[in-house]
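Trainee: One letter stands for each residue in the lines below.
Number of protein chains: 2
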Amino acid sequence: MSLGNTPGATRKATSKGLVEIFTGDGKGKTTAALGAALRASGHGLKVFIVYFMKGGFPYGEQKALSQLPNIKFARFGLEGFVNPNNVTEAEKEEARKALQMAKEVIFSNEYDIVILDEINVATAWNLINIAEVIKLIKEKPEKVELILTGRYADDKLVELADLVTNMTKIKHPYDKGILARKGIDY
Amino acid sequence: MSLGNTPGATRKATSKGLVEIFTGDGKGKTTAALGAALRASGHGLKVFIVYFMKGGFPYGEQKALSQLPNIKFARFGLEGFVNPNNVTEAEKEEARKALQMAKEVIFSNEYDIVILDEINVATAWNLINIAEVIKLIKEKPEKVELILTGRYADDKLVELADLVTNMTKIKHPYDKGILARKGIDY
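Read top to bottom, the protein sequences are chains A and B.
If you count the first sequence from 1, you need to add 901 to reach the working numbering.
If you count the second sequence from 1, you need to add 901 to reach the working numbering.
Derived by calculation from the structure, the hints in this document are not laboratory data.
Hints are not guaranteed to be accurate.
Repeated chains share a single entry, so a pair holds when one copy, or any two copies, can fit it.
[Said to hold, decoys possible] Calculated cross-link-like contacts (lysine-lysine; reagent style DSBU-like; alpha-carbon spacing at most 30 Å):
id, residue 1, residue 2
1, 1070, 1057
2, 1077, 947
3, 1070, 955
4, 955, 1072
5, 1077, 917
6, 1057, 1077
7, 1083, 947
8, 947, 1041
9, 1004, 1072
10, 1072, 973
11, 1083, 973
12, 1036, 1077
13, 993, 1077
14, 1044, 964
15, 964, 1083
16, 964, 1039
17, 1044, 998
18, 1077, 1044
19, 947, 964
20, 1077, 1039
21, 1036, 1072
22, 973, 947
23, 1083, 1039
24, 1072, 1057
25, 1044, 1083
26, 1072, 1041
27, 917, 993
28, 955, 1036
29, 1072, 1083
With the sequences and hints as input, model every part of the structure.
Mentor: Pasting the structure below:
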């Protein structure tokens, strides 16, 4: 429940950008980050999304995002899925490029909200070094809101974050053999 | 994690619309529904959002949604917050109107995805009758994807749904006294 729904909460603007984490095994992490981007764009805030591990997909979200002038994005990652037990140097290189892009965007002073999509997984699987992510969080300009998505958020990141939601899978159509659907899941 | 990320999952379109529920006490339920709407609109799918309990807020999301031609919405609910221990007849009337709108939209054959925002709360607090919600889920046209959001999703709804994510609050800035922020939370 967003605070907007909380009985008795008066609304107050704050200029301090928080660190939000959406993690867990349920559907809704990237989707919620996307919703946050959409909401922010409605207020004229500038959003940048760095996709860490989504190389080959024709995501509907990216087509939709292209229609929204306040939202920019950059996509990294190779075609196919990363095998955590056999990460390739090329995959690491993509993730490092994503992290470099994240740094540039965060320190550019051009964006109010920066979404680091699947950075939790990239960190958990050692595609990038967690020390660099921690440094980024600690040194970010105060006004920038950071949203980190992906399963396996490290406890150190959770500790640094202001808001953490664990999206827990109660039921997923995948369990019934229904696969991802265009327009709905990607 | 959306299925698009699942290693080994080949993607297959299905014409059957599922029933998804985003519930729990964490941030991200309405936000994820919003992201789903955005993603779908990128594929040219038609989306309708019925807000059950959001009368008075100048939600940024609604401004943003107005820019997207494939997304329509209708908002119900009075100014101020509903007190579950003292629900007024006027509040019930708003929720009933929202449910009536939901029925019209779902059976209109004009929309691929219908989002019923905060319907779980409206049901849990008896603003509307759960039997009517169950009937709606059971009788909806096959192609319509339904997304139900809000805390307190009833077990009967969870049982009927194909996908259920529980958004669990691990940390929320509200706990530190930081209130909802324009552009970020509403």
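Trainee: Determine for every hint whether it applies to the structure shown.
Mentor: How the hints compare with the structure:
Taking identical chains as interchangeable, the C-alpha atoms of residue 1070 and residue 1057 lie at most 30 Å apart whether they share a chain (23 Å) or sit on different chains (17 Å). In this assembly of identical chains, the alpha carbons of residue 1077 and residue 947 lie at most 30 Å apart only when taken from different copies (26 Å versus 39 Å within one copy). Taking the shortest Cα distances, residue 1070 and residue 955 sit within 30 Å of each other both inside one copy (21 Å) and across copies (27 Å). For the homomeric pair residue 955 and residue 1072, the shortest alpha-carbon distances inside one copy (24 Å) and between copies (27 Å) are both at most 30 Å.
Within a single copy, residue 1077 and residue 917 get their C-alpha atoms only as close as 43 Å, which misses the 30 Å cut-off; across copies the closest is 13 Å, which meets it. With identical chains, the CA atoms of residue 1057 and residue 1077 are at most 30 Å apart between copies only, with a shortest distance of 19 Å across copies and 35 Å within one. Taking the shortest Cα distances, residue 1083 and residue 947 sit within 30 Å of each other both inside one copy (27 Å) and across copies (13 Å). Taking the shortest Cα distances, residue 947 and residue 1041 sit within 30 Å of each other inside one copy (16 Å), while across copies they are farther apart (38 Å).
Taking CA atoms no more than 30 Å apart as the test, residue 1004 paired with residue 1072 passes between copies only; the shortest distance there is 25 Å, against 36 Å inside one copy. In this assembly of identical chains, residue 1072 and residue 973 lie within 30 Å of each other by CA distance solely across copies; the values are 28 Å between and 32 Å within a copy. In the homo-oligomer, the alpha carbons of residue 1083 and residue 973 lie at most 30 Å apart both inside one protomer (22 Å) and across protomers (20 Å), since each shortest distance falls under that limit. In this assembly of identical chains, the alpha carbons of residue 1036 and residue 1077 lie at most 30 Å apart only when taken from different copies (23 Å versus 41 Å within one copy).
Proximity of residue 993 to residue 1077 under the C-alpha cut-off of 30 Å is found in neither arrangement, the shortest distances being 33 Å within a copy and 37 Å between copies. For a Cα distance limit of 30 Å, the shortest separation of residue 1044 from residue 964 qualifies both inside one copy, at 28 Å, and across copies, at 22 Å. Both within a single protomer and between protomers do residue 964 and residue 1083 lie at most 30 Å apart by alpha-carbon distance, with minima of 12 Å and 26 Å respectively. In the homo-oligomer, the alpha carbons of residue 964 and residue 1039 never lie at most 30 Å apart, since the shortest distance is 32 Å inside one protomer and 32 Å across protomers.
Taking CA atoms no more than 30 Å apart as the test, residue 1044 paired with residue 998 passes inside one copy only; the shortest distance there is 24 Å, against 41 Å between copies. Taking CA atoms no more than 30 Å apart as the test, residue 1077 paired with residue 1044 passes between copies only; the shortest distance there is 18 Å, against 44 Å inside one copy. Taking the shortest Cα distances, residue 947 and residue 964 sit within 30 Å of each other both inside one copy (18 Å) and across copies (15 Å). For the homomeric pair residue 1077 and residue 1039, the shortest alpha-carbon distance between copies (18 Å) is at most 30 Å, but the shortest distance inside one copy (42 Å) is not.
In this assembly of identical chains, residue 1036 and residue 1072 lie within 30 Å of each other by CA distance solely across copies; the values are 21 Å between and 36 Å within a copy. Taking identical chains as interchangeable, the C-alpha atoms of residue 973 and residue 947 lie at most 30 Å apart whether they share a chain (8 Å) or sit on different chains (23 Å). Taking the shortest alpha-carbon separations for residue 1083 and residue 1039, only the inter-copy value of 23 Å comes in at or below 30 Å, while the best intra-copy value is 38 Å. In this assembly of identical chains, the alpha carbons of residue 1072 and residue 1057 lie at most 30 Å apart whether taken from the same copy (28 Å) or from different copies (13 Å).
Proximity of residue 1044 to residue 1083 under the C-alpha cut-off of 30 Å is restricted to the inter-copy arrangement: shortest distance 13 Å between copies versus 36 Å within a copy. For the identical chains of this complex, residue 1072 and residue 1041 are inter-copy neighbours only, at 20 Å across copies versus 37 Å inside a copy, given an alpha-carbon limit of 30 Å. For a Cα distance limit of 30 Å, the shortest separation of residue 917 from residue 993 qualifies neither inside one copy, at 32 Å, nor across copies, at 38 Å. In this assembly of identical chains, the alpha carbons of residue 955 and residue 1036 lie at most 30 Å apart only when taken from the same copy (24 Å versus 39 Å across copies).
Taking CA atoms no more than 30 Å apart as the test, residue 1072 paired with residue 1083 passes inside one copy only; the shortest distance there is 20 Å, against 33 Å between copies.
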